[in-house]
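**Q** So you can see what is in the structure, the chains are spelled out below.
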Amino acid sequence: EAQVTQNPRYLITVTGKKLTVTCSQNMNHEYMSWYRQDPGLGLRQIYYSMNVEVTDKGDVPEGYKVSRKEKRNFPLILESPSPNQTSLYFCASSLTSASQTQYFGPGTRLLVL
Amino acid sequence: GENVEQHPSTLSVQEGDSAVIKCTYSDSASNYFPWYKQELGKRPQLIIDIRSNVGEKKDQRIAVTLNKTAKHFSLHITETQPEDSAVYFCAAKNNNNDMRFGAGTRLTVKP
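Same order as they appear, the protein sequences are chains G and D.
If you read the first sequence in this note's numbering, its first letter stands for residue 1, the second for the next number, and so on.
If you read the second sequence in this note's numbering, its first letter stands for residue 1001, the second for the next number, and so on.
Think of the hints as simulated: they come from the structure by calculation, not from any bench.
A portion of the hints provided could be inaccurate.
Said to hold, decoys possible - Label-pair distances were calculated between CB atoms; the ranges are:
#1 G:Asn-26 to D:Gln-1014: 41 to 47 Å
#2 D:Gly-1041 to G:Lys-71: 25 to 31 Å
#3 G:Asp-38 to D:Ser-1028: 26 to 32 Å
#4 G:Ser-82 to D:Ser-1052: 19 to 25 Å
#5 G:Ser-82 to D:Thr-1108: 44 to 50 Å
#6 G:Thr-22 to D:Lys-1071: 34 to 40 Å
#7 G:Leu-95 to D:Pro-1082: 31 to 37 Å
#8 D:Leu-1046 to G:Asp-38: 18 to 24 Å
#9 D:Glu-1005 to G:Leu-113: 30 to 36 Å
#10 G:Thr-86 to D:Pro-1008: 25 to 31 Å
#11 G:Ser-80 to D:Gln-1014: 47 to 53 Å
#12 D:Arg-1061 to G:Ser-80: 29 to 35 Å
Just so you know, even glycine gets a beta-carbon here, dropped at the ideal spot from N, CA and C.
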């Protein structure tokens, strides 16, 4: 089954404790992206990747890192999480660019205390 | 950078009526405009999209129109049904491949 998966789905952590949210797709998509969703602000793009070893900043990259060592995986790294990073995070992928149907993962709800 | 504004933030219609959601964008280089539907607790899903070389696109009860000169695009849902109730997001993509979303519209269709 073609899908985008994220782990964990729910996470409660404390300020400053490094964490990684994994994202994986099995559709051989080149384009992958991370968004955060906050009430009243919609979805804001954090980082995106056009292909392996190619990553670019989105709208709100501060406090986040990403890597794209393999085509299928695009982990989101919070080196030192802060409470303002409490949010719902979505990973998405599409075939070659953002101009095609983006398939979203199920979301990761993060609470930083 | 791109800025996408979406109106209204909430919309309530009677079943069978039409619903219209409007978005404006600031970057004239934007060339791709998708609409996503997000049901409560679920992930966003693409329902329709339009590219900058097209003025209108229709898929059954859903249509999108684009006015490049005015830099606005709209989602039209006809003959609304209770299952259309959800949050709808518009988005715009520029040549840099980063996607900007509107803040969302919560549509409620009353039976």
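**Q** With reference to the structure, classify each hint as holding or not holding.
**A** Hints, one by one, checked against the model:
1. G:Asn-26 to D:Gln-1014: 41 to 47 Å: Given a distance of about 42 Å, which is inside 41 to 47 Å, the answer is holds.
2. D:Gly-1041 to G:Lys-71: 25 to 31 Å: Holds, at about 29 Å.
3. G:Asp-38 to D:Ser-1028: 26 to 32 Å: Holds: the Cβ-Cβ distance is about 27 Å, inside 26 to 32 Å.
4. G:Ser-82 to D:Ser-1052: 19 to 25 Å: violated (38 Å)
5. G:Ser-82 to D:Thr-1108: 44 to 50 Å: violated (35 Å)
6. G:Thr-22 to D:Lys-1071: 34 to 40 Å: With Cβ atoms ~38 Å apart, the hint holds.
7. G:Leu-95 to D:Pro-1082: 31 to 37 Å: holds (33 Å)
8. D:Leu-1046 to G:Asp-38: 18 to 24 Å: Cβ of Leu-1046 (chain D) to Cβ of Asp-38 (chain G): about 21 Å, so the range 18 to 24 Å holds.
9. D:Glu-1005 to G:Leu-113: 30 to 36 Å: holds (33 Å)
10. G:Thr-86 to D:Pro-1008: 25 to 31 Å: holds (27 Å)
11. G:Ser-80 to D:Gln-1014: 47 to 53 Å: holds (50 Å)
12. D:Arg-1061 to G:Ser-80: 29 to 35 Å: violated (47 Å)
Hint violations for this structure: numbers 4, 5, 12, all remaining hints satisfied.
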